[in-house]
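Protein chains in written order, with my numbering: chain A, 1 to 310; chain B, 1001 to 1310; chain C, 2001 to 2310.
Hints may contain errors.
Label pairs and their computed distance ranges (CB to CB) [unchecked claim]:
{"id": "1", "chain 1": "B", "residue 1": "1087", "chain 2": "A", "residue 2": "132", "range": "52 to 58 Å"}
{"id": "2", "chain 1": "B", "residue 1": "1194", "chain 2": "C", "residue 2": "2240", "range": "56 to 62 Å"}
{"id": "3", "chain 1": "A", "residue 1": "53", "chain 2": "C", "residue 2": "2259", "range": "58 to 64 Å"}
{"id": "4", "chain 1": "B", "residue 1": "1016", "chain 2": "C", "residue 2": "2034", "range": "49 to 55 Å"}
{"id": "5", "chain 1": "B", "residue 1": "1245", "chain 2": "A", "residue 2": "253", "range": "31 to 37 Å"}
{"id": "6", "chain 1": "A", "residue 1": "53", "chain 2": "C", "residue 2": "2011", "range": "50 to 56 Å"}
{"id": "7", "chain 1": "A", "residue 1": "53", "chain 2": "C", "residue 2": "2211", "range": "45 to 51 Å"}
{"id": "8", "chain 1": "B", "residue 1": "1240", "chain 2": "C", "residue 2": "2239", "range": "36 to 42 Å"}
The hints are simulated quantities; they were obtained by calculation from the structure and are not laboratory data. Backbone N, C-alpha and C fix where the C-beta goes; we use that ideal spot for every residue, glycine too.
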Amino acid sequence: MFQLDDVIEAQQFDREILADIFEVAREMEKIEKNSLGSQVLKGYLMATLFYEPSTRTRLSFESAMKRLGGEVLTTENAREFSSAAKGETLEDTIRTVEGYSDIIVMRHFESGAAKRAAATAEIPVINAGDGPGQHPTQALLDVYTIDREIGKLDGIKVALVGDLANGRTVRSLAYLLSKYQDVKIYFVSPDVVKMKDDIKDYLTSKRVAWEESADLIEVASECDVVYQTRIQRERFGERIKLYEEARGKYIVDCDVLNVMQKHAVVMHPLPRLDEITVDVDADPRAAYFRQAKNGLYIRMALLKLLLVGW
Amino acid sequence: MFQLDDVIEAQQFDREILADIFEVAREMEKIEKNSLGSQVLKGYLMATLFYEPSTRTRLSFESAMKRLGGEVLTTENAREFSSAAKGETLEDTIRTVEGYSDIIVMRHFESGAAKRAAATAEIPVINAGDGPGQHPTQALLDVYTIDREIGKLDGIKVALVGDLANGRTVRSLAYLLSKYQDVKIYFVSPDVVKMKDDIKDYLTSKRVAWEESADLIEVASECDVVYQTRIQRERFGERIKLYEEARGKYIVDCDVLNVMQKHAVVMHPLPRLDEITVDVDADPRAAYFRQAKNGLYIRMALLKLLLVGW
Amino acid sequence: MFQLDDVIEAQQFDREILADIFEVAREMEKIEKNSLGSQVLKGYLMATLFYEPSTRTRLSFESAMKRLGGEVLTTENAREFSSAAKGETLEDTIRTVEGYSDIIVMRHFESGAAKRAAATAEIPVINAGDGPGQHPTQALLDVYTIDREIGKLDGIKVALVGDLANGRTVRSLAYLLSKYQDVKIYFVSPDVVKMKDDIKDYLTSKRVAWEESADLIEVASECDVVYQTRIQRERFGERIKLYEEARGKYIVDCDVLNVMQKHAVVMHPLPRLDEITVDVDADPRAAYFRQAKNGLYIRMALLKLLLVGW
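Looking at chain A on its own, in the form it has when it is part of the complex (with noise of 0.2 Å):
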């Protein structure tokens, strides 16, 4: 098995590697769901250190740590170490923080952060999001939802909807799926978010097979996985019109779900506004839930991977 450092980016995993880890929060799903849970983190302690708020992915990296029976030391407002009036390094406090605790857990505002937090580190360091860079574990998560709920990686079809211009999520998606055969991508955004050509050149140069799309129930029809994402206001600025225009344009609600195959799902990485509408919660093909739920699994798994080993 492989040895596993620090998690910094979704490059670093192929598809061996994502399937042991696949393999190992499999095992995590049954100890979650085990009341008497697990204490094979016993002792350990888990900082983390967040230099902007991010409520939702830390919860779910400490109930992770804590359902292995780890503790946790917890700091939302990480940006008081460093603060400009008193400017210390990230360095600095990283060498502080590895002090008091077993392995890293960061949040930060400036893409590349993670690399040097890891190599200043002596423990291990996980990216939980470094401003417009990484965020590995989220990437990991959804390929694993994929994996989970159509019970394949190789030959599936996806399509890719909204922003797909800023957001980390659905550029780190698409470039983890090239490493399985036979994926399609289509591409389904409002004009001013498309798909950038950093992210089509290289599914070309990998020979994974995509397109651009303007008709989002042809591509459901299609599709194994319709991934939905939020289009991002602050993206705008003044520019409120356009963005109007812009999220209103792919809503999946239930003329979507109605054209999608049975064993389809819908995912996306929340928070949704209404850009999937609140009556597709009930079909059992949206996902987006349990796909929030196999995030615990994925960081669980590493947890445990880091920490103690396979």
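With chain A's structure known, arrange chains B and C on it following the hints.
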């Protein structure tokens, strides 16, 4: 024994259920005093989902959970989940958080939020205060404290003093007292913050004797419980003079203590300003810090009942 | 052995007590390195009551408690308890919090607050810094670090460098060093932030040799410990030019290292800016991250001593 699913409002409890909860709370007193602690909730995870900060209430719940061997996921910034910018619904947040925990303790700024959360969640929800609405665990600990201090609930005489118009505490307490026999309630408050008619009418309909009085000394000499409350400045806005008049009007000091019966007690939901003078604290009839402590036992009891039953 | 009730100020410790605490801290080093951890504080609950944020100090205490099997109630927003609006006294807050926990670690913005808290609480209180007042656990870890690094305290030569006027750290350290024999202290600081007369007079009265010097190189070549501190910009207000002059004046860099003796060490309470250059970090005589780690052992020792004794 009854089945407790959620704790949403004082109205859900009748005197039999209250008696059962109080019996469990008594056991909790013993557990907390046992230095070995209890592990009855070991492996359980409580999420404190606070949309507005209330450090006192949060610490009380978290202490309760940990005294029973359980673990806690904390958030005091739950508004981030559902910020106007991102716009996630409470229901979606609850569906995510219930994937990470076994019970949710929620504080919200909107009346009715706890009921909505409980309707969504498949795990138990405890209302730790929802805006101007309910704060049922405070009401329970108040009644429990009267029972512990006076030794009975039927036949007691209670003075509710201070801000009776705005305090949800006194309103809930009046409501719960109506479930007992031969209770007499005195309302002693400045004119601007008198008890509202809905509660008076309710008490009348339940044949609970009540009267308004302007003479705190006389009332105090009659009562088993003098329940003092804080005049909340924030309710007066620009009307500073009115506030100053109201807050100075009924003070519990040694003159009041001197007329009180030997077995009677002074209660207060805390925090207090100067509506109870500090020299009262040393008198054994000052029950307000014991009352705060009872909040711990009541919350331990509720967590145990909701998670593992009787 | 002595009985430790609270930790309020450096002055409460004499050299015998310090030696005993340091002996326990040494045991704590072994416990922390043992992967099984310790359960000596299992069942105990520590409340961190922080009226101003200090993530570094808080994490150090919380790590200490959890490394010993204890549990933690956290608040970094304790001001909410006693906000001007609500106006609760510190004493009332302490009485409530002691009902929920077994020991209180308090950080406050007012000098003397810790003493008031300890006078109120029936459970132990540790002062984690009260405004311009005391920060006794920092003073203890500093002396402990000198003892660990140099192997003795009697007869040592210590240079205190940087902001000696405002830093409570160097003032407490000078105070504690006076308890040892044949100590020599050098003060090296810009004119605007010189050591104040009260400490100089105190040292003289205790027959501790001291001198002021403007020559860091010469002093560094003589000393066992070069204790560098940060020039705090916030102390200079509008006087930016004065600040810039002061902060650049005495830098610990490789030139300083080169004249230092082989057994000597550089210390710093952290965070640092550029008063120690980054290239010093790799030298084994750079002791400041080990010093931060010693804070963990000292706090573990104090928690053990206060809660379960020797």
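Against the structure, the hints:
no. : hint                           : verdict
1   : 1087/B with 132/A: 52 to 58 Å  : violated (22 Å)
2   : 1194/B with 2240/C: 56 to 62 Å : holds (58 Å)
3   : 53/A with 2259/C: 58 to 64 Å   : violated (47 Å)
4   : 1016/B with 2034/C: 49 to 55 Å : holds (52 Å)
5   : 1245/B with 253/A: 31 to 37 Å  : violated (58 Å)
6   : 53/A with 2011/C: 50 to 56 Å   : violated (40 Å)
7   : 53/A with 2211/C: 45 to 51 Å   : holds (50 Å)
8   : 1240/B with 2239/C: 36 to 42 Å : holds (40 Å)
When the structure is compared with the earlier hints, violations turn up for hints 1, 3, 5, 6 and for no others.
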